[in-house]
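Based on the sequences and whatever the hints tell you, model everything.
The primary structure of each chain is shown beneath.
Number of protein chains: 2
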Amino acid sequence: MKPYREMSKEELASLKEQLEKVYKEYQGKNLKLNMARGKPSPEQLDLSLPMMDILNSKSDYTSVDGDVRNYGVLTGIKEARELMGQMMDAPADNIIMYGSSSLTLMYDTVSRSYSHGVMGNTPWCKLDKVKFLCPVPGYDRHFAITESFGIELINIPLHDDGPDMDMVEQYVNNDETVKGIWCVPLYSNPSGQSYSDEVVKRFAHLKPAAKDFRIFWDNAYCVHHLDPDHPDHVLDILSECEKAGNPDMVYKFGSTAKVTFPGAGISAIAASKANLEDMKKQMNVQMISHDKINQLRHVRFFKDLDGIKAHMRKQAAILRPRFEAVDEILTRELGGLEIGTWTKPHGGYFVSFDSLDGCAKAIVAKCKDAGVVMTGAGATYPYGKDPHDSNIRIAPSFPSLDELKMAAEIFCVCVKLVSIDKLLAA
Amino acid sequence: MKPYREMSKEELASLKEQLEKVYKEYQGKNLKLNMARGKPSPEQLDLSLPMMDILNSKSDYTSVDGDVRNYGVLTGIKEARELMGQMMDAPADNIIMYGSSSLTLMYDTVSRSYSHGVMGNTPWCKLDKVKFLCPVPGYDRHFAITESFGIELINIPLHDDGPDMDMVEQYVNNDETVKGIWCVPLYSNPSGQSYSDEVVKRFAHLKPAAKDFRIFWDNAYCVHHLDPDHPDHVLDILSECEKAGNPDMVYKFGSTAKVTFPGAGISAIAASKANLEDMKKQMNVQMISHDKINQLRHVRFFKDLDGIKAHMRKQAAILRPRFEAVDEILTRELGGLEIGTWTKPHGGYFVSFDSLDGCAKAIVAKCKDAGVVMTGAGATYPYGKDPHDSNIRIAPSFPSLDELKMAAEIFCVCVKLVSIDKLLAA
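Those protein sequences? They're chains A and B, same order as listed. Count along the first sequence from 1, add 684, and you get the number used in this note's numbering. Count along the second sequence from 1, add 684, and you get the number used in this note's numbering.
There could be a bad hint or two in this list.
Pairs involving identical chains hold if they fit within one copy or between any two copies, as the list cannot separate such chains.
Stated by the list, open to error - Cut-off 30 Å, straight-line C-alpha distance, at most; resulting in silico cross-link-like pairs (DSS-like, lysine-lysine):
hint	residue 1	residue 2
1	K815	K708
2	K716	K965
3	K927	K998
4	K964	K810
5	K1069	K810
6	K815	K964
7	K742	K965
8	K815	K885
9	K1045	K965
10	K993	K742
11	K810	K1045
12	K813	K895
13	K965	K1069
14	K1052	K964
15	K1052	K693
16	K742	K716
17	K742	K1106
18	K810	K1052
19	K815	K965
Just so you know, these hints were derived from the structure itself, not from any lab.
See the structure below:
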């Protein structure tokens, strides 16, 4: 195919006319398709249904920490801390179990730092200025947490091997108001990169100006490989920080949201014992214990990391064809046109698409008018402001394969139409 | 029996000698008894086991709000809002479902007020001074929440019909720094009173100096009657506030912690729509949804309020003999001695005991040395400071009936010994 920008205005205009017809046909179908959120499909959820048979009225509800049906055990039953520890690459002693969502765990961690402070440091609410570094494109819900506390968000470019570490070091090592950075180290949301060993080591060797600087390491996709035989691998930041003499500098977050049931899974934090002690003081005021019955249910279902891995192979078998379909259609429809690039991630939940500058909002709006809901353009940047208006997050997991294919076709038509408009106006 | 203070020093000394022997015998038994926390007994938990058969791998997981296994429905499925609404005396539209603990819900409500402010008012963290009223004796975990945010706690005497409303009005209507009051309106923790209609109406007619003053109405024991045929009844504060032109002045809290499983139940807040809208803005950043599978499990198990009431009759049948045993032993051992008074609550989880002034700490310590753990003396007052050192909270629910009886006997011996010491020293 000939790149669009090498076409004459006449060629583009005639192409536009043809595409308008195709677009109108799609509009006439009154479709309701959704590629907006990273939701598992019903087939994926069905894989976890056998877990619902694990505990019934005849079951034994005894954990090594006692009767899971009653109050107590603030940090979660030992069996669950061991299971999550295996999944998150940390000893059970460095794990605290949280509730049914790691998003809430991350929010509460920021909230605690804001109201109570981190390990004896001044609570952030008493400081004039607090800043957070945000590798971009990134996860909108991360940015929303820090934004809601009035924290200033700073864009850090995300390269193929991770965040721009020169820039990270520059900020963290010199600016005392920089208190944290949001990271999705494996299969980054949305662009799918995994951090290189060198990047992880540079993180571990940071010399923060702020004593209460913390890396918020959201290992959301730690077992979410699309090809389980060839998974990406990221160095364990917790032990790297320890080796580098920075044991307290990182919080690792994980959950089974996209392993079992979103919103009804189990979540955990892995961190140094000093961080966990600090956290426990405040947790002890906020709660008596999280849902230990659900912890036991997960433990008995998976048994160990091998159980989780076997389960995630089945998830991958459902997800892989969806990612392949999106890539196939984008390649067929947009290949060679030079009006967009997209990622081919090895895991996680998203394909990240970059349009010509200034086109993303118009593409998402055009999709919507044809019944295809995408994540809002700009959502992958702090304050919803994509400086190039070019990044669009595609979530292939939820729709059926047929719906997904149609949604991807429509998406391509919209990309073409908006790009032609841009080129014609140039 | 002759009151102790009418006895001569010789009589008291000889009595002490006898009691010391009894006490030593108990010590020799190396007992491990616990009357410290309001934990249901295993028999009570067994009553809820059939709920664990409600959802299995063959079940339908569809609520009126869709598939409960996936993300979404921030405020909880409608069926759960209806069920909790019936239990909490509020329409489903005035209910937001929360997680597995109403304690966390209350903490998060204070935390949100502190960091984000209430309905557009200045966040409490930006104010020089914030005060909370604390009816005493009261619930230590309530006081701990506000204390942890540096809020100044003010004791308000709790009378037979509720808090001292002259004092409440004086503070709330004149002091802009007073932002809230902790209430357990039905079967108050620990002293068991239920608020009179007049008290509820005076609450509803408060004219707060602070626009963001809120009543924290923890209806923890709303279905926890010891005699379900003759329950205490408290007027619905939410509709009373509405009638009085103060629709936004109250948050009502409830949960099934002591209906089904502590720490693995469901919880909810009932409030005006304006309050709920304010809350939702921040919740939307903190979470995607709570555990809707557990919501559906509870809904299918109970069906409606009648289902909950039938269940709570079974709970009462287990709890009542325990409360009767405590009262029987205290009456037999301490009746007429004038060294202590105690409550006979119609519901809830506690008996409140008042010793002679200055004796509570010594009694609790003496119990501990004989293997009987009680709630720490002072715990029922803000900052753990009981000005009279006289209140002790007795929790009869958890031990077996035999253990409970022995614990109560030992408690009485300790009360006698400490009281004699006080009288001898006078």
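Going through the hints against the structure:
| no. | hint | result |
| --- | --- | --- |
| 1 | K815 x K708 | neither (46 Å within a copy, 62 Å between copies) |
| 2 | K716 x K965 | between (48 Å within a copy, 27 Å between copies) |
| 3 | K927 x K998 | neither (36 Å within a copy, 57 Å between copies) |
| 4 | K964 x K810 | both (22 Å within a copy, 25 Å between copies) |
| 5 | K1069 x K810 | both (28 Å within a copy, 29 Å between copies) |
| 6 | K815 x K964 | both (25 Å within a copy, 25 Å between copies) |
| 7 | K742 x K965 | neither (36 Å within a copy, 42 Å between copies) |
| 8 | K815 x K885 | within (23 Å within a copy, 47 Å between copies) |
| 9 | K1045 x K965 | between (45 Å within a copy, 25 Å between copies) |
| 10 | K993 x K742 | both (28 Å within a copy, 24 Å between copies) |
| 11 | K810 x K1045 | neither (38 Å within a copy, 38 Å between copies) |
| 12 | K813 x K895 | both (15 Å within a copy, 28 Å between copies) |
| 13 | K965 x K1069 | between (38 Å within a copy, 20 Å between copies) |
| 14 | K1052 x K964 | between (46 Å within a copy, 26 Å between copies) |
| 15 | K1052 x K693 | within (27 Å within a copy, 90 Å between copies) |
| 16 | K742 x K716 | between (44 Å within a copy, 29 Å between copies) |
| 17 | K742 x K1106 | neither (66 Å within a copy, 53 Å between copies) |
| 18 | K810 x K1052 | neither (43 Å within a copy, 42 Å between copies) |
| 19 | K815 x K965 | both (25 Å within a copy, 22 Å between copies) |
Violated hints for the displayed structure, listed by number in ascending order: 1, 3, 7, 11, 17 and 18.
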